[in-house]
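Heads up: the protein sequence lines correspond to chains A and B, in order. As numbered in this note's numbering, residues 3 to 101 make up the first sequence, in order. As numbered in this note's numbering, residues 11 to 220 make up the second sequence, in order.
Possibly wrong hints are sitting among the right ones.
Result set (DSS-like, lysine-lysine): computed pairs, CA atoms no more than 27 Å apart in a straight line [unchecked claim]: (1) A:K29 x B:K188; (2) B:K205 x B:K142; (3) B:K205 x A:K29; (4) A:K96 x B:K142; (5) B:K142 x B:K188.
If you are wondering where the hints come from, they were derived from the structure by calculation, not from laboratory data.
Read off the chains here:
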Amino acid sequence: MADRVRTYPGTRKPTPHQGHRKRNCVKVLERLSAYLDDELSGEICQEIRAHLGDCPNCEIFLDSLRQTVRLCQHRPSPSLSEKDRAALRREILKAAATV
Amino acid sequence: MASRKKSPPALPDGPGSSPATSPPFDQLYRDHVDVMYRFAYRLCGEAEAAKDLVQETFLNAYRAYDRFRGDARVSTWLYAIASHACQRMRRKRKGEPERELSLTEFVPTSEGEFALQIPMEGLSPQQALENKELREILDRAIAKLPRKYRMVLVLRDMEGLSAKEVGNILGLSERAIKSRLHRARLFVRKELSGKGLAEEFHRDVATVDR
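All chains, full assembly: derive it from the sequences and hints.
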């Protein structure tokens with residue numbers, strides 16, 4: 003498979019989106035979350051790294067996916083106020099007692 | 011009945027004991043209400059719906075408490091109850107169509123769509139998220155996700171649970187969780203790389219600055 007990684011014969015500079023229509027790019031795209039989550043075997047990681055080194059668009063795409071995941075991971079969420087926490091507790095116990 | 015093995019403890023509708031006879035409830039509530047509210051807020055995207063979901067979750071947990079066997083962590087059990095309650099509540103409110111996401115729709119078709127169209131250069135995610143516009147854009151993207159994908163993204167990437175744990179909560183295989191997670195991430199990524207986003211972002215920032 004390694005010899006099929008080069009998808010741009012004749013030029014090192016790919017036309018931006020055409021590359022992604024190629025089979026290798028789509029194959030890499032399918033595995034990017036697993037790659038980011040470190041779930042792939044060393045051999046597959048190596049194949050992906052080789053492709054990324056050769057395909058700037060996939061590299062940019064991976065970066066953008068990594069940033070997206072980090073934003074989700076760090077998105078703070080509001081917390082409940084003391085007052086709401088107590089009010090909710092009362093509501094729950096009231097509902098539990100009436101059923 | 012066949013689903014009983016995989017599902018979280020059944021929630022009895024029958025006569026429950028009175029709250030006064032159930033001292034563990036307060037401890038359960040105290041220990042987990044903040045986590046459950048955070049989870050509910052992330053799923054619902056707003057405070058009132060999140061409070062309804064928390065109420066439903068603890069009410070169901072209270073009723074099913076005797077049946078909790080302790081073979082899962084309490085938090086996993088509560089996440090499962092909350093996830094089921096969320097699905098039921100949403101179904102009641104509106105028949106939200108469950109769209110399937112296919113990988114092919116996430117393949118960029120033009121040059122501008124490979125990178126994110128939001129300003130993050132040199133910033134940590136925490137710093138970037140101090141920006142209100144960015145938070146709103148991210149929230150909007152997550153809210154647009156079909157529910158079953160949002161559920162997995164929230165549990166995995168926001169609540170930080172393992173794929174195995176999320177599988178137990180939702181009654182799905184790890185493989186299915188990973189597949190949904192990937193599609194969910196690609197969906198959010200695509201939203202954040204939308205062509206009009208940069209203009210929208212800068213326009214909003216300019217408005218705020220003025």
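> Do the alpha carbons of K205 of chain B and K29 of chain A lie within 27 Å of each other, as the hint requires?
Replying inline: holds, 25 Å
>> Tell me if the straight-line CA distance from K29 of chain A to K188 of chain B falls inside 27 Å.
In response: Answer holds: K29 of chain A to K188 of chain B is near 16 Å, not above 27 Å.
>> Can you confirm whether the C-alpha distance between K96 of chain A and K142 of chain B stays at or below 27 Å?
In response: violated, 38 Å
>> Hint check: K142 of chain B vs K188 of chain B, CA-CA at most 27 Å. Holds or violated?
In response: violated, 30 Å
>> Check whether the Cα positions of K205 of chain B and K142 of chain B lie no farther apart than 27 Å.
In response: holds, 20 Å
In summary, the structure is inconsistent with hints 4, 5 from the numbered list given earlier, while agreeing with the others.
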